[in-house]
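Line by line, the protein sequences give chains H and D.
Under the numbering used here, the first residue of the first sequence is numbered 1, with each subsequent residue one higher.
Under the numbering used here, the first residue of the second sequence is numbered 1, with each subsequent residue one higher.
Among these hints, one or two may not hold up.
[Said to hold, decoys possible] In silico DSS-like cross-links for lysine-lysine, where the CA-CA straight-line distance does not exceed 25 Å: (1) K78/H / K52/D; (2) K9/D / K115/H; (3) K40/D / K71/D; (4) K19/D / K73/H; (5) K67/D / K52/D; (6) K41/D / K71/D; (7) K78/H / K55/H; (8) K67/D / K78/H; (9) K41/D / K73/H; (10) K41/D / K52/D; (11) K115/H / K52/D; (12) K52/D / K40/D.
[Unchecked claim] Listed next, the stretches of chain H that the computed footprint assigns to chain D, with coverage defined by at least 3 CB atoms under 8 Å from CB atoms of chain D: (13) 3 to 17; (14) 104 to 113.
[Unchecked claim] For the chain D half of the interface with chain H, some residues (derived, Cβ under 10 Å), not all of them: (15) M15; (16) K44; (17) K52; (18) V60; (19) F64; (20) P103; (21) G109.
It is worth saying that the hints were derived from the structure and are not from the lab.
Where is the CB? At the ideal position from N, CA and C, for every residue including glycine.
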Amino acid sequence: AQTVTQSQPEMSVQEAETVTLSCTYDTSESDYYLFWYKQPPSRQMILVIRQEAYKQQNATENRFSVNFQKAAKSFSLKISDSQLGDAAMYFCAYRRGREYGNKLVFGAGTILRVKS
Amino acid sequence: DTAVSQTPKYLVTQMGNDKSIKCEQNLGHDTMYWYKQDSKKFLKIMFSYNNKELIINETVPNRFSPKSPDKAHLNLHINSLELGDSAVYFCASSPYRGNENSPLHFGNGTRLTVT
Chain H
1 AQTVTQSQPE MSVQEAETVT LSCTYDTSES DYYLFWYKQP PSRQMILVIR QEAYKQQNAT
61 ENRFSVNFQK AAKSFSLKIS DSQLGDAAMY FCAYRRGREY GNKLVFGAGT ILRVKS
Chain D
1 DTAVSQTPKY LVTQMGNDKS IKCEQNLGHD TMYWYKQDSK KFLKIMFSYN NKELIINETV
61 PNRFSPKSPD KAHLNLHINS LELGDSAVYF CASSPYRGNE NSPLHFGNGT RLTVT
């Protein structure tokens, strides 16, 4: 079964500092996609960043970047220059292929607190 | 011009009642989903439809019945509501024939409270 594990229930970071959120997953599939979603208190689900498993290059979106280690099945999210608006719940997600309905399997989430 | 809209935003009802949550997407996507987020914030898929056809049913009680009148709509009807049904329900959509890299687009959620 595909599972996604986020081992940090909660993390804190000082404003302007860098923080890394961990995610590991378990799969026997060779082709898949990984995502990080952010859920602020408004409960909207907002896409932060995505990574194709077949790409070795780590994805980057402005202050957000990932460290994708396919052999280790690890997909961590690094937030640089943290801002107060980054405070939210962050979910790591694994997307299965078309034959499985393209469904997203989510980790349990990590609450990120940003201190001013 | 919200991409994925679901109504109502909040729903408070008593045990035993029947209720529906509506979802519409204007993105032209083929696939729609219902996810449940429990009190511990864990998100789990319930159903997925592709062009009105059910493709995922994740062992959800048959009190929950999704209905897709067309590919832009996926409604969720819940019969005989129980306390344990209290949760936030998210509708989402994605292209099916497109690149699996395409993310799911989520609605803003419906908070269901069963008393």
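For each hint, the structure was consulted:
For a cut-off of 25 Å, the pair hint linking K78/H to K52/D is broken: about 39 Å separates their Cα positions. Only pairs whose Cα atoms come within 25 Å are accepted, and K9/D paired with K115/H is rejected, the gap being roughly 30 Å. Restraint check: the Cα-Cα separation between K40/D and K71/D comes to about 31 Å, which exceeds 25 Å; the hinted pair is violated. A C-alpha spacing of about 41 Å is found between K19/D and K73/H, which places the hinted pair above 25 Å, so the restraint is violated.
Between K67/D and K52/D, the direct Cα distance comes to roughly 8 Å. Compliance with the 25 Å bound is thereby established for this hinted pair. Distance check on the hinted pair: K41/D and K71/D sit about 28 Å apart at the alpha-carbon level, beyond 25 Å; violated. For the given pair, K78/H sits about 18 Å from K55/H by alpha-carbon distance, which is consistent with the 25 Å threshold. At most 25 Å may separate the alpha-carbon atoms for a hinted pair to count; K67/D and K78/H exceed this at roughly 40 Å.
Taking the CA atoms of K41/D and K73/H, the gap is about 23 Å. The hint holds against a cut of 25 Å. For the hint linking K41/D to K52/D, the alpha-carbon distance of about 28 Å lies beyond 25 Å, and the restraint is violated. A distance of roughly 46 Å separates the Cα atoms of K115/H and K52/D; the hinted pair therefore is violated under the 25 Å criterion. Between K52/D and K40/D the CA atoms are separated by roughly 31 Å; this puts the pair beyond 25 Å, and the hint is violated.
For the stretch 3 to 17 of chain H, the stated coverage by chain D is not satisfied: 0 residues place a CB nearer than 8 Å to a CB of that chain, which falls below the threshold of 3. Residue count for the stretch 104 to 113 of chain H with a Cβ under 8 Å from a Cβ of chain D: 5. That meets the three needed, and the coverage hint holds. Look at M15/D: its Cβ only gets to about 24 Å from chain H, farther than 10 Å, so that hint breaks. For K44/D, the interface hint holds, the least distance from its beta-carbon to any beta-carbon of chain H being 7 Å, beneath 10 Å.
Given the 10 Å rule on beta carbons, the hint for K52/D is violated: about 14 Å separates it from the nearest Cβ of chain H. For V60/D, the suggested interface contact is broken, since its CB lies about 13 Å from the closest CB of chain H, more than 10 Å. For the restraint placing F64/D at the interface with chain H, the shortest Cβ-Cβ distance is roughly 16 Å, beyond the 10 Å limit, so the hint is violated. At its closest, the beta carbon of P103/D sits 5 Å from a beta carbon of chain H; the interface hint therefore holds under the 10 Å criterion.
Against a cut-off of 10 Å between C-beta atoms, the interface hint on G109/D holds, since the closest Cβ of chain H lies about 5 Å away.
The structure does not agree with the numbered hints 1, 2, 3, 4, 6, 8, 10, 11, 12, 13, 15, 17, 18 and 19 stated previously, though it agrees with the rest.
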